[in-house]
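Please construct the entire structure, taking both the sequences and the accompanying hints into account.
In full-length UniProt numbering, the protein residues as written are 1 to 234.
Since the hints were derived computationally from the structure, they do not count as laboratory data. Every value quoted in this text rests on a predicted model; they were computed, and no experiment measured them. A virtual CB, placed ideally from N, CA and C, is assigned to each residue, including glycine. Do not rely on the hints blindly, as some may be mistaken.
Claimed, not checked - Taking CB as the label site, the calculated pair distances span:
1. Lys-104 x Asn-206: 39 to 47 Å
2. Glu-99 x Pro-182: 35 to 43 Å
3. Asp-126 x Glu-205: 17 to 25 Å
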Amino acid sequence: MKHVTKILYDNAALLVLVLLLVGCSDKEVDSGSKESSSAAVRVEATAEIEESHQVEEYSEEELLTEVDEVTTGAPIEIETASEETSNENSTITTGSEVENPLSKYSSAEIEYARVWLQLGPNQEIDELNVLHIPAGEPLNPDDDTDVSYPEGVIQLSGSRLVDGSVTYSGNGDGTINVYHVPLRWYGGFAPPDDLEKDEIIEEMENIIENTELVYIDTGTDEKIIDLIEVLSIH
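This is the structure in structure tokens:
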């Protein structure tokens, strides 16, 4: 084994001497100079191993393996650890994705809540009633006028008259057509005696012809969920 070690030292010393001579004759730095630097490091590593261990206890293969570990092992281990850390961080990022809190509700329920949140006269309601009114139904079911809805509409209202109402039709693009129809015509009473029937019809036709186009915001998820929880669909 000592004979093997001596051969390694002799060869390394000879290689260093040759490379130094080449370096003196050619001052350009090329791939050969990098190889000589690597060889010098290997020689120094071998010397350090010999000082800290009994060389005769190593086989030639074991000695060369440990030299490789000293000269090249550390950077490889650091790179591998870095890759593992990167993968771990990637997993954490993927796992932190939060599910949409509105995903368990239907699009219709979300629409009702968003419309009321934006247009409802009173937000402090105990119940949000949803009434689907088909096309052809009169604007005032308690009156004998001939003015009817030209399309199906949705009427939202609270449980109390003071809560108000919103009557609209959806366009399927985030906008709605708002019909400014009162929840109770004339407060639930008969029309005033001085109000002619022609005037009533004109007022209703004006509502039909002048719907308001409104874009509905998405609103706050928490408030949307609170309104969905009190929905009562008829």
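Hint check:
1. Lys-104 x Asn-206: 39 to 47 Å: Since Lys-104 and Asn-206 have Cβ atoms about 42 Å apart, the given range 39 to 47 Å holds.
2. Glu-99 x Pro-182: 35 to 43 Å: 41 Å, holds
3. Asp-126 x Glu-205: 17 to 25 Å: 35 Å Cβ-Cβ, so the 17 to 25 Å window is violated.
Consistency with the previously given hints fails for number 3 only.
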